[in-house]
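Got chain A sorted already, so can you dock chains B and C onto it with the hints?
Each chain is listed here by its residues.
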Amino acid sequence: MKKVLLVLAALSVLCSSLLFAGGTKDAKAATGTKVINLWSFTDEVPKMMDKYKQLNPDFDYEVKVTIVATTDGAYQPALDQALVAGGKDAPDLYTAESAFVLKYTQGDMADYAAAYKDLGINVDKLLRDAAIAQYTVDIGSNSRGLVGLGYQATGGAFIYRRSLAKQAWGTDDPKTVQSKIGPGWDKFLAAAAELKAKGIGIVSGDGDVWHAVEGASQKGWIVDGKLYIDPDREAFLDISKALKDKGYHNDTQDWTDAWFADMKGIGPQPIFGYFGPAWLINYVMAGNSGGTKPGEGTFGDWAVCQPPAGFFWGGTWLIANKNSPVKEAVGKFIEWVTLDSSNTGLQYFWANGTLNGPGGTKDVVASGTVMAKSDGKLDFLGGQNMFDAFIPAGDFATGRNKTQYDEGINSIWRGQVREYTSGTKTRAQAIADFKKQVADNLGIN
Amino acid sequence: MRTKIKEMSPIRKVIVYTVCIFLIVLSIFPFYTMFINATRGTYEIQSNSISLIPSTFAVSNWNVLMNKNFNPLIGFVNSLIISCGVTVLAVYFSSLTAYGLVAYDWKLRKPFFTFIMAILMIPAQVSIIGFFQFMYSLGLTNNFLPLILPAIASPATVFFMRQYLLGTLSIDIVNCARIDGSGEFRTFNQIVLPIMQPALATQAIFAFVGSWNSLFLPLVMLTDRTKYTMPIMVNLLRGDIYRTEYGSVYLALSLTVLPLFIVYFLLSRYIIEGVALGALKE
Amino acid sequence: MGNKSVSYAKWGYIFSLPFMLVFLFFSLYPIIYTAMLGFTDLQGAGRRTFEFLANPLENYKLVLTNESFITSLKNTGLIWFLNFIPQMLLALLLTSWFTNQRFKIKGQGMFKVLMYMPNIITAATIAFLFRNLFGYPKGPINDLFMMLGLIEKPIYFWMSAGWSRGIIAFIQFWMWYGNTMIVLIAGVMGIDPTIFEAAEIDGASSVQTFFRITLPSLRTILLFTLVTSLIGGLQMFDIPLLYNLGGPDQKTLTASVWIYNQAFSGRYFYNRASAASMVLFAIIVVLASIVFYILRDKDAQKINRDRKAFKKYARQLQKEAGK
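Keeping their order, the protein sequence lines are chains A, B and C.
Residues 1 to 445, numbered by our numbering, are exactly what the first sequence covers, in order.
Residues 1 to 282, numbered by our numbering, are exactly what the second sequence covers, in order.
Residues 1 to 323, numbered by our numbering, are exactly what the third sequence covers, in order.
Bound-form chain A, shown alone (with noise of 0.2 angstroms):
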């Protein structure tokens, strides 16, 4: 046994001595001015500085990259105290996702942003130039002006399948469809029943109709200070359980097996369309699918059209440390990333899926200029050009009816939702137990 432990010591004093030495090497080398400290969630944005590197030899800053998920919520308290404590090892460039961005750029931590006129960028000129959508503007801008863009548009559409129209209403054709499911979700709700009658599900579950839902309403959360239910939010309870209880889904929760199954078509019923942005196709739909070329699953039998009301989903916004000492050339890739709507600019590259050579994903971006430009045809959506759809989806999107909250209150919301029309509650109950958890747990009355 003791031979066991000091085998242990041993190995431990050798394996640390050898790092330590690499350890402080690393540590000189690292105290220069030429350090980027990039904070992010996914490897997306780390890639892109990746391809900038590629494309300026001469930008010959070192980037340390910090990558945290957001699944298990550990992003933001980690970036909280690393932005908090400074330092050198302090962010200069970091990343916030749409469920949270509020936060960064307007809300509890909007202190911390730089404004992007103060990293050496000609905001208002860029903007124009590239036709930025306007929602990623106002929730990336506070009263000191423009501190937070994104790089893509997240507007959503319906995404649906192009041989259950026709099953249904003889036309798989975008402008017919649209004009069924909506505008508003009583017409929704009616497409809903005539899908029924053919045995097709209108959407895999009341998930995909929330974030429309949301996205449309005219107000957020909170309104002067209190919580505040739109009476559109509060009308999901209402849609959600006529869904549930006419049978127009497969009661599915979203991001689970049978969601995924329902991509597939091999649900219960036959699911007829998604809600969701670009990257909903590109990323989940697409390898969910059960092919990977026209005629394989479902793969080819889809198409987009405008949804019953407007709304955006997801999005990753980039902002700069105000007391970073590396301003300007955060400032520089910023730039290459939001603003830079040339051929050479991040936004063409990924919007044509090809920033790491041809044939990548591609993905509908914040600048109408390039995407006026550029490519959206979709084998998977048998051809159509997604770009069609999402461009004036973007118009759609708005980010008023945001708060800094909501990622927290709209899980509270959905689960009293589920509780009601699974038959739990009654419906004032579960607006009362709603109210309750609200002012409980996030102090909100």
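If you are wondering where the hints come from, they were derived from the structure by calculation, not from laboratory data.
Among the hints, erroneous ones may be present.
Claimed, not checked - Which stretches of chain B does chain A cover? Using the computed rule of at least three CB atoms under 8 angstroms from a CB of chain A, they are:
| # | stretch |
| --- | --- |
| 1 | 41-53 |
| 2 | 136-146 |
| 3 | 166-176 |
| 4 | 222-228 |
Said to hold, decoys possible - Capping the alpha-carbon separation at 27 angstroms, the derived lysine-lysine pairs in DSS-like fashion look like this:
| # | chain 1 | residue 1 | chain 2 | residue 2 |
| --- | --- | --- | --- | --- |
| 5 | A | K226 | A | K244 |
| 6 | B | K107 | C | K74 |
| 7 | A | K246 | C | K312 |
| 8 | A | K322 | A | K51 |
Heads up, the beta-carbon is just placed ideally off N, CA and C, and yes, glycines get one too.
For chains B and C alone, kept in the frame of chain A given last:
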């Protein structure tokens, strides 16, 4: 006079074996799923989280893992350093402290033990914030020392060692050693520690596993990529919900768990073999 | 004749020194800091300065009257109970089987090793796995039940309070029963084998041996298991959080998850989280003390009391003799 040794009835034997086998299947099942999922593609896993049949994505998952701008081998070495350090320090110093609590009669003995128990009862996540704010202000981030040294003060391990010693240590051995002229420290190292083998092995396993799997503290303390531990690397693969590469995540999880299997098999001998521990056995 | 025991007593201090030093340095500041925060107004992200509240107990009052917190305490107790009782019983049963002198189970080593395995897996992985296992409307368990004809429509496990609590209690049980069993076996290994031999010669059955010899000798280790399980159970965090965020409808919300949410899920109520942590700490202390009291070594205590009385008497005699 020979007493007949009562044999266990056959029915009881069957029950024992059935229960044990059932428990084993239950215990293994999640690991089996994990290893299977390591061979499946992300999209396969998304529509069907659990499968009993392997698939063909092992190599592509491995490629994604290797392509992620970090080196899993470094993560492995880092985890090894931290976990070994924690295990050795926790086990040794806890035994030392426990021995101090049991073998000697000193005034502050009871209050000290009560104090240790009190520490044990403090909810864990709460002191974490204060801890890394403190370490940040001392500039000790990206350093393994704050992750290893606190193991010297492990209240749960001390508690266990104390209970164990209370039950098994006879002060006579210590007195024998003293009469033979052995110093206190030497007595502890050469006589008491060997007696504690099952306890040491047990706590060593727990300490190693706990340290190996710990995510949150290393996550916020280590931001330099060359210092990442394995759980941090697994976390990196999770990213945002729509970008999680499940196949690679499971592969990385499987790789993370393998060293634990090995350590456990190495140390379990000391618990399983009935080492004779009669304190005064000749 | 010198008083030898004094010179050895100092070794108690010396051996405990490393622990104290390390603890004071690394842990004392954070703990005091947190305890202090319970009396301040520190809330919100990014704030570094705070002030003490005019009414120091304001946070405590808020916390103790918060319905969600009270619910979380009830849930914590309930789930711990559901987890601990089966776990302890099974661990004791397995220990009795595996340390049975007369019946050496074949493959014992392998059994023990494999039963400990669940303790190695990370909470995140297993919570995720079980969540998917009980998926609705499609999931392995639902599929299995339907295939066996037990149910006609899939059960919405995630929405059921009973199922959710049961599943979480089960996961905890599954993860820890092997650990508890190993601790108990290690304890049994420490019992002098000559006692067992004597019992065997006297013709004791395995059941009698277990209840009359093994269990009482395990008292110290049993105390350890009970107390650590109590403390761990009251602090249950990973699994409830990762399984369903304390849902559905706060039915699996445990105290630690509630505290975590206060501190990290939007409003950064550090002061309330700290106050609640202190409340939880107080509850743990009370309950653990009860366990200690019940399992105290009555004989040793009596000897101690007699010894103290004797010393007092001896000192009295000395004083009178010295007069």
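Hints violated by the structure (listed by number, smallest first): Numbers 3, 5, 6, 7, in rising order.
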